[in-house]
Amino acid sequence: MALQSIKAKSPRKIVAPPRNGVIEQPRYACGIGAMQSVSAIRRAIPVTHCGPGCAVKQTRGIAHINGYQGAGWAGSGSAPSSNLQEREVIFGGAERLQQLIDASLEIIDADAYVVLTGCIPDLVGDDVASVVSSFRKRGAPVVLADTGGFRTNNFVAHETVTKALIDQYVGDASAPTHTGLVNVWSLLPYQNTFWRGDLTELKRLLEGVGLEANVLFGPASRGLSEWKRIPQAQFNLVVSPWLGLATARHLEEKFGQPFLHIAELPVGGEATSAFLREVGAYAGLSERKVEDFIAAEEEIYYHYIDGFAELYAVSTSMLPAQFAIVGDSAYALGLTRFLSGQLGLIPARQIVTDNPPFEHRPAIDAAFARIDADRPVIPDYVEDGFAIQQLLRETDYGHKPPLLYASGWERALAKEIKATLIQVASPTNGEVVLNRANIGYRGALTLIERTYSAIMSPVS
Amino acid sequence: MAINLKSPAVATREQRLGTLIGWDGELSSLAQADARGCSSGCGGGQKLCEISGPFSQSSGCAEQTVQYEATQVRGAVLISHSPIGCSAGMASQNASYRYCQIKRGQQVEDVVALSTNLGERDMVYGGVEPLRAAIRLAAERHKPRVIFISTACSTGIIGDDVDSVARETQEEVGVPVVPVHCEGFRSKHWSTGFDAIQHAVLRHIVRKPTRRQADLINIFVLSGPDVYSPLLEQIGLRANLVLNGCEVENIEQLSEAAASTSFCYSLSSYLGAALEQEYGVIDLKSPPPYGFAGADIWLRDIGKVTGREAAVETLIEREHARVRPRIAELKAKLQGLRVFLGMGEGFAHGLIAVLGELGVNVVGALNFHHDIIYDGVDKQDITIAHLLKHYGDVKPFSVANGQPHRFAALLHQVKPDLVIVRHGVLNALSSRLGIPTMPLEGDSTLPFGYQGMINIGEELLSQLSQRRFHKSLAAHVRLPYRKEWLASQTQGEPLLERVA
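Line order of the protein sequences matches chains A and B.
Going by my numbering, the letters in the first sequence line up with residues 1 to 460, in that order.
Going by my numbering, the letters in the second sequence line up with residues 1 to 500, in that order.
Rather than coming from a laboratory, the hints here were simulated on the basis of the structure.
A couple of the hints might just be wrong.
Here are the simulated lysine-lysine pairs, DSSO-like style, with alpha carbons at most 27 Å apart [unchecked claim]:
#1 B:K208 <-> B:K304
#2 B:K208 <-> B:K331
#3 B:K395 <-> B:K471
#4 B:K103 <-> B:K143
#5 A:K137 <-> B:K483
#6 A:K415 <-> B:K103
#7 A:K418 <-> B:K103
#8 B:K285 <-> B:K143
#9 A:K415 <-> A:K400
#10 B:K304 <-> B:K285
#11 B:K208 <-> B:K285
#12 B:K483 <-> B:K395
#13 B:K483 <-> B:K471
#14 B:K483 <-> B:K389
#15 B:K6 <-> B:K331
#16 A:K415 <-> B:K143
#17 A:K418 <-> B:K143
#18 A:K228 <-> B:K483
Only chain A is shown next, with the shape it has when bound in the complex (with noise of 0.2 Å):
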């Protein structure tokens, strides 16, 4: 029963990009963008072979600049880079890795240091895998991702990274499997402004419902040596639409750990209890434990929706009614069920900028569409700027300004089309993002706090 008749979507009349090609303002990082993968984790450390400029415009671009999040424990800069001149191009840059490698584990005191490659070495040709394995033959933990900016986004080559890591730094399992323990495979570090806060959220949830959760990245980690123990996890855990899929399929293969995946993030009462009790079953947890444990959270959680409503059942006519989201599938996929599903709120948009591989695309799809049967949400995979501002300005919002979901490359946009714009996308700009949640009971009061503070500012 659609409460409002939803007019199609507007033809897409955009000046097309050629090929697949051209992107303005740039959403994502390169392949060696996964370098944020590796500052992610405590005790690691990324060692970059490749140009001078590379390792510093990706950290910017996705540490700094995005929510001013800070690039890790090694800080912004800190990252050994082989900084490779034309010497290097003409002549290769094995030599010069070896030295930089050499030099690394001498001055910088990680526990494991990962040699990610940019385009020079991938286009010369350096043996870069010799040059790693010796290190390691000596017994350094010293580990290679071969992320060669140009083949991929920093999506596809945090797979290479986590892959990287289990392969030549976790090893093999040695110890039995710990029932209740599970590694936990879901945004992407950085990348994802809130990848913080709502790792730290994903953990209290699972630990609540009587999981011991290894989130491997990020402050809620205790980082490598966590990682040690991803062979002994029950299972591994997907919270994503995609993302992770491949690691969590490498290691079935490599432990025979069985995975559960779950596309659509946890977000608000409604998706998160239904998670808990997925996880609970798969698990094989006390249902009672689980149930005790929504109905503890329910309570404080629906106390404040309950609150809220007094704003919002009071003021719905004078609100927007519509939002239209742009961002990682994750969050695209995820924040419509909240607004759709829990606040009532008709999704007008949904543009999903990650570049998801193809083979994941129906799925995507599919998850989109069980969103609401009365109206399925159709998602548009764009990730050039002009494009999706073009999609944006096309959509038709019925009779009120809309909520924009999006990123700081739609301030201008969204005083065009008269939006309130709450940033959840990468790149975040002029605004600071510590340790807010977006998911699970917690992080979602938190965005009905922002998005109704935006709007109500303005009219206070």
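Following the hints, put chain B in place on chain A, whose structure we already have.
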């Protein structure tokens, strides 16, 4: 070395200016370095020996510098002909551009930049067709006044003929299509990017002079407010600010100005020398406009070439009278403070003068590079001689292209009261060491001229009062360097010397 505008690509700084990115010594040993033998007496062919070690940290590249410049020309579009990673920091460039526009009172726009977003396929088949398509798309979407194309490591290696594509499409799109050759691996220092875009605008945008504008002074700037016009207007001159935040017209008329100058010769040396060589626009030879001595000479030189000597003297007198009382008060409070600098050499030169006037001791500097000479008349020698004469020597006066580990080692040795930094990477480092840290980020004009001494003095006082943040931080965070290594640095056995 005469400037050759016929070549599509600029010669790198190391080729033209003997640029160093690693060196340890004192300011005085850089004076007239090009005329002396090797300072370390190694007997090698070079006049100054670069030191280089096996360890290096991520730095910056010429293409990044070109992005910073090209995206801040109003009405321009930049096409980064590269994989997407080269544009990963574009939001950071945008932040800088928005700040500049706010400070200049301009309507705030976002940067307009396209990445050709090259992938594996393009590395095999070449990126020429995607580039051609991107140029057409940029013209269609944005109706720009000019289209810049920056090259990258990858497009340099695969050998895309960017010049031909630019030439072929220019007529079709009806605006200048300007290739900027700035592959990151070609130069060891990002400042080559300044020269690369200056070279490109000289070849493609600066017009043959149609008249001489005798009251127009070219000032080569970075992002930040226009602090020049209010000063020059008092003597009936107009400032032609280029490149950050400027209009295309400002670039076109560079050839018609009476003279060129800057607050930073490391930034401006190429453009200034080329305009003098090609169009006879006088490239002023004063030391940079910092401190009383520098600002006085700078203004007098401007007055001399524009026939405004008397007006300049009145202006100088008025400015001195305005700022001296407050500077005396600041000096009384700041006298003897020990400050360490971490910034580009041009900025360091400026700060040495400003701090000298405030009675502050500059106890060392980490400069991001050192050009042994500058293009045209060598303002490097003029500047260093000026600083030594008025403010004395600075030791250590080290060179490193960012390199937080060297900064950490120097700070361990010197233990300053406060650090002034213009580089995001290093700010956080000194702060983590518990040292009050004053950033010069964003606003490059803070120390400029007479007001600059007051600005810096006030800010220093404020930073000293705000020091608790750094102390608290240092108590709770760790640097990534091994303790033994840092200890070896303080005992006077720097890694660089050991392995050079």
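Check whether the Cα positions of B:K103 and B:K143 lie no farther apart than 27 Å. 26 Å, holds
Compare the distance between the alpha carbons of B:K304 and B:K285 with 27 Å, and conclude whether the hinted pair is satisfied. Roughly 12 Å separates the two Cα atoms, so the pair holds.
With the threshold set at 27 Å, check whether the alpha-carbon distance from A:K415 to B:K103 stays at or below it. Holds - the C-alpha atoms of B:K103 and A:K415 are around 21 Å apart, at most 27 Å.
Against the 27 Å threshold, does the CA-CA distance of B:K208 and B:K304 hold or violate the hint? 25 Å, holds
Has the given pair, B:K208 with B:K285, been kept, meaning a C-alpha gap of at most 27 Å? Holds: B:K208 and B:K285 sit about 24 Å apart, inside 27 Å.
For the pair supplied as a hint, B:K208 and B:K331, is the alpha-carbon distance within the 27 Å limit? 49 Å, violated
Quick one, are A:K415 and B:K143 close enough, alpha carbons at most 27 Å? Roughly 22 Å between the alpha carbons, so the hint for A:K415 and B:K143 holds.
Holds or violated: are the alpha carbons of B:K483 and B:K389 at most 27 Å from each other? Violated, at roughly 40 Å.
Holds or violated: are the alpha carbons of B:K6 and B:K331 at most 27 Å from each other? Distance of about 51 Å is beyond 27 Å: violated.
Just to be careful, I want the Cα atoms of B:K285 and B:K143 compared with a cutoff of 27 Å; is the pair within it? Violated, at roughly 39 Å.
Decide if the proposed pair is consistent with the structure: A:K228 and B:K483, CA atoms, cutoff 27 Å inclusive. 25 Å, holds
Given the proposed pairing of B:K395 with B:K471, does the C-alpha separation stay at or below 27 Å? Answer holds: B:K395 to B:K471 is near 26 Å, not above 27 Å.
Of the numbered hints stated above, those contradicted by the structure are hints 2, 8, 14 and 15, listed in ascending order.
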